[in-house]
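Asker: Listed in order, the protein sequences are those of chains V and A. Per the working numbering, residue 1 is the first one in the first sequence, and the count goes up by one each step. Per the working numbering, residue 1 is the first one in the second sequence, and the count goes up by one each step.
None of these hints come from the bench; they were simulated from the model. Heads up, the beta-carbon is just placed ideally off N, CA and C, and yes, glycines get one too. Fair warning: there could be bad hints in the mix.
Chain A side only, calculated, beta carbon under 7 Å to chain V, not exhaustive [unchecked claim]:
1) G29
2) V42
3) P68
4) Y75
5) S77
6) H85
7) S87
8) P95
9) G144
10) K147
11) W272
What follows is a list of derived Cβ distance ranges for each label pair [stated by the list, open to error]:
12) V:Q35 <-> A:H85: 44 to 50 Å
13) V:A95 <-> A:A220: 40 to 46 Å
14) A:P263 <-> V:S103: 18 to 24 Å
15) V:R75 <-> A:R46: 47 to 53 Å
16) V:D40 <-> A:R163: 41 to 47 Å
17) V:R181 <-> A:S127: 44 to 50 Å
18) A:A28 <-> V:R181: 39 to 45 Å
19) A:S127 <-> V:L50: 52 to 58 Å
20) A:G20 <-> V:L50: 44 to 50 Å
21) A:D53 <-> V:G14: 36 to 42 Å
22) V:S103 <-> A:R101: 28 to 34 Å
23) V:Q35 <-> A:Y261: 28 to 34 Å
24) V:A174 <-> A:T168: 50 to 56 Å
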Amino acid sequence: MALDVLWLSLRYAGLAALFSIPPAVLLAYILARRQSPGRDLLDAAASIPLALPAAVLVYYLLTRLGLLPVAFTWRRAVAVSVIYTLPLVMHMARAGLTLVDHSFENAARTLGASEWRVFWRITVPLAWRTLLAAILAGAARALADFGITAMVAMASNATQTAALLLLISAAVLAALYAGNRLQRGQAPA
Amino acid sequence: MIQARVAVPGLEVEFQAGSGITALFGPAGAGKTLLLDAIAGVLRPRSGRIILDDEILFDGVARVNLPPRRRHCGYVSRQWALFPHMSLRDNLLFPIARLARLERRRRVKEMLERFSLEQAASRRPESASPAERLRCVFARALIGEPKLLLVDEPSRGLDTGLRAEWHTILRRVREETSLPVLLATRDLETCFELAGNMLLLDAGRILQSGPARKVLDQPASIEAARLLGIRNLFPAEIVALDPGRNTSRLRLETFELAGPYFPGRLLGDRVWLCMQPGELLVRPHNGAKPQSNQVAARLERALEMPRSVRLEFAGAIVADIARPEFELQKDNKEWLVEFPPHALRVL
């Protein structure tokens, strides 16, 4: 039972990470590099979920959007998790992308590279540590979300809940630890 | 051939340059890098028109603005910007990724040989020597066979060894190709050693342009003369002009000088007398009365230069003298400074 629940958590956390990380990194790149008029507004809008308590958002989504009394399906759970994970990953990724020296990107452009190629061959490899740290933090966040959901679902069995709590905590800890090490410029041992 | 009229905030210039090296000479903040960035396409000018050979790279009116990748400009920027996560060989492969494999190999091999980089090819930039990095930056800029090479001298300055390497590479580019090169530099010696033509840039505008030698010999204005580091600049008035005998007289603050006829000048014109320190003749003053065009001057300071001694006299007169000559007279304070008439130039 506990393993089933853990597997469920990992699966949905993985899905949430998958749906939130690519748009978050793309948004981070746009915010870090492009001079567009709505940049600050976009930045603020994308950060709103960070400023709202999770309970408020969940309540809003469930009531105002008419989701109650519909059952809490996994799709909706993933959607809520994505809304929370995206700004976190975006902020961390943006910090990493901002640190990449423009002169490398400009050199690549003058050497005939398209914007797509500049992003994949220059920006991402130069910012990979922070990007990976951001992805790990996002995954840990999503996992923690689903851990709680899953534990509530199986609250009747105290021993299994404790075991699951330990497993999820260990996974989150490992992800965050690796992320921190990466951000400081050291590869995890 | 590059023709450019570029206006960006802080820069407004118009020029054209053909094959060979054209130096953009000016102090820091003159707009040299802005101009190179605008031509390379990494900076969008506010207005203007840039044409390379027959292709319009930028036209503010027609709203043409080719992206950097389609401009065919090799750019050696101030930062060099060798990609730190690639080996030197991969840095060379980056601009030619679209070519067929055999052609890529051929070009990389040729460049590695031409720039003596075979030994360092598999190293990352951080473990290559500064000279190897420098050669690789030029090889990378040239491997895509650009139509124009833009070179920005590093702002930190190069040490003597690297400067020699830098000069060697540029001289070879000039000799081996007919590629037009725009070289931004703050070093006058670099201009004269390498460049056929120069543009004198100050505060975002071109003060003077033309063959490098001519620009130094005949600065067009007092600002140009100051920029070129000409030290002897004195306000003067033309008090006599005789085209028949090809003579003139200039009255300076405390003395008068005889000079050649100055075409285009009128009697009573206020001008600047301009002389290079090396053009003045100096000898110790042994008490005799100064001859024509000689002025008695008191030595205030003697500065060691790499190949001579620079003497600074009262009245802001500066002259260069050969070291052995100065050694014989180094305790002497009273000197005679001669302004040879043929070397007098007015601005």
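Asker: Determine which of the earlier numbered hints do not hold for this structure and return their numbers in increasing order.
Answerer: Structure breaks hints 1, 7, 10, 11, 12, 13, 14, 17, 19, 20, 21 and 23.
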